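Asks: In order, the protein sequences belong to chains P and A. If you're matching positions, the first sequence starts at 746 in my numbering and goes up one per residue. If you're matching positions, the second sequence starts at 18 in my numbering and goes up one per residue.
Hints are computed from structural coordinates only; laboratory data are not their basis. Treat the numbers as computed from the prediction; the structure is a model and nothing was measured. Don't take every hint at face value.
What the hints assert, rightly or not - Keeping only pairs whose Cα atoms sit at most 16 Å apart, straight-line, the calculated EDC-like set for lysine to aspartate or glutamate is:
hint : chain 1 : residue 1 : chain 2 : residue 2
1    : A       : Lys344    : P       : Asp825
2    : A       : Lys344    : P       : Asp890
3    : P       : Lys914    : A       : Asp337
4    : A       : Lys344    : P       : Asp791
5    : A       : Lys343    : P       : Glu797
6    : P       : Lys824    : A       : Glu107
7    : A       : Lys343    : P       : Glu902
Said to hold, decoys possible - A few chain A residues that face chain P, going by a derived Cβ cut-off under 8 Å, partial list only:
hint : residue
8    : Asp102
9    : Leu206
10   : Glu209
Yeah, the Cβ is synthetic: ideal placement off N, Cα and C, and Gly gets one too.
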Amino acid sequence: MEILLTREQIKARVKELGEKISADYSGKGDLVLVAVLRGSVYFAVDLSRCLEIPFVLDFIGISSYAGAASSRGIVRITKDLESSIVQRHVLLLEDIVDTGLTLNYLMQNLRTRNPASLRVCAFLDMPARRIVNIPLDYCGFSLPDFYVVGYGLDHQERYRNLEVVAALKEMP
Amino acid sequence: MAVITISRHFGSAGELVARLVAEKTGYLLINKAKIADRMRSIGILEPELSFFDEKNISPADQAAGWELESRRRRYLEGLHEYFYDLAIRENLVIVGRGAQFLFHDFPPALHVKIFASMQSRIERVCRLYNLDEAAAARLILEQDRDREAYLRQVFGYDWLDPTFYHLLINTGVTGPEEAAGLIVTAARLKEEAGEITAQELEQRFWEQEKAETPLDLRGEGNRQSGTAPDFAHPSEAEFARMLDFYRIKWLYEPKTFPLEWDSEGTVTEAFTPDFYLPEQDLYLELTTQKQQLVWKKNKKIRRLKEIYPEVQVKIIYGRDFRGLLKKYGIEEKGE
């Protein structure tokens, strides 16, 4: 395992993002932070601590593709928002955007709920893997095509709690 | 979530009853104004809005051609998607627009028909629109005819068929307040009878939509399971399933791009990307070859970009695709 982002780098960048987001949304009223379960939880907690504006924190979960053997043929919401986002500013928090398939679905779904605005903040961007291009409004780090774990990102539910982001050299 | 659909004869105070029901229950009222807001947000504006809202397309209009049908299809898809998406997370009162048919198989839905005698409708329309009796009667007949024809054309059902409704309420004898009270009571009883989760609802609608939508009315090229083309490689089928899962529309090998010609103008080399994603306007080439063997494909794509600079094309290498499958915990199928 190779460390790509240290705890200090992450902390500094998340603080910068918090300041930028606070400035951008200052005076605009309620902001709803929508954290995508489960990977973005760590990012959402740290980022929200750096915000200097009022916000509501909510969570959304969606199912993952599981191949032909999957009993359910389409993506579905496994945990829906508890807050209404109608006419409210929404910032979607993702741990990583790679293919853009998940983000594309989430954006489409949230857009139908008529938010005042909808933006994306991704902790990690992996543009080399992109299939669906969606502009990221805020991005922590852009990384080349590694299989990464830590800071919420897991491999088979392991490594989420690492305080660093590391590349798995060999897929176990 | 709960859905109350209110089908109404013109002049029978259906809109008023719906508003009272929404006020009493706190459900979101989906009426003409709300629908117009939504349609405008997806770029469907007047006069198109009024032209398509609960109106059938007459034979004369149909003769105007495919363009009209296409626009109307866009309107209907936008409208029905709006209902389905909202119903996943909100309790709704929907006025008209065939919601009783759209939500026919949705157990928590309560379907109501509001009607009244011709005489009481005429009296109400005269009062509301300041018309004489003959004009009011003409307006009532015209509006009812439009709605009936629209529902028959779009859904193929008769809106007078009582088997589509839980309640038929005659506002000529009950009055709007009493009618709303009956509906609220019926809704409460239904709600007590059982609930359905948002996930089950979304899954059900999606599957129903896939099963019921005729091929020629589906998205521009979204090949759903059961109509899959003959893929050249199992990885392409897997990739198509993945796109379907995330609701990305795709076409398989829809276009061949000539790349080289001989002196006679005959095409000597061409390239057919595996997938086209119409919503992204993006061609994708999936390769399972080893990285060092894909130079020929890379060369073709470079050439394609030279000749057709406006075409967006991306290659997904075997390594990337295997990484994607592993991310989802899927074992790769045989080459």
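Asks: Next step is simple, just say for each hint if it's right about the structure.
Replies: Tested hints:
At most 16 Å may separate the alpha-carbon atoms for a hinted pair to count; Lys344 (chain A) and Asp825 (chain P) exceed this at roughly 23 Å. A distance of roughly 13 Å separates the Cα atoms of Lys344 (chain A) and Asp890 (chain P); the hinted pair therefore holds under the 16 Å criterion. Using a Cα cut-off of 16 Å, the hinted pair Lys914 (chain P) and Asp337 (chain A) holds, with the two alpha carbons roughly 15 Å apart. Distance hint between Lys344 (chain A) and Asp791 (chain P) is unfulfilled; the C-alpha atoms sit about 25 Å from each other, more than 16 Å.
Between the alpha carbons of Lys343 (chain A) and Glu797 (chain P) the distance comes to roughly 39 Å, so the proposed pair goes past 16 Å and is violated. The straight-line distance between the Cα atoms of Lys824 (chain P) and Glu107 (chain A) is roughly 15 Å, inside the 16 Å bound, and the hint therefore holds. The straight-line distance between the Cα atoms of Lys343 (chain A) and Glu902 (chain P) is roughly 14 Å, inside the 16 Å bound, and the hint therefore holds. Given hint, Asp102 (chain A) at the interface with chain P, holds; its Cβ is 4 Å from that chain's nearest Cβ, closer than 8 Å.
At a threshold of 8 Å, the smallest CB-CB gap from Leu206 (chain A) to chain P is about 26 Å, leaving the interface hint violated. Evaluation of the Glu209 (chain A) hint against chain P yields a violated restraint, the C-beta minimum of about 23 Å exceeding 8 Å.
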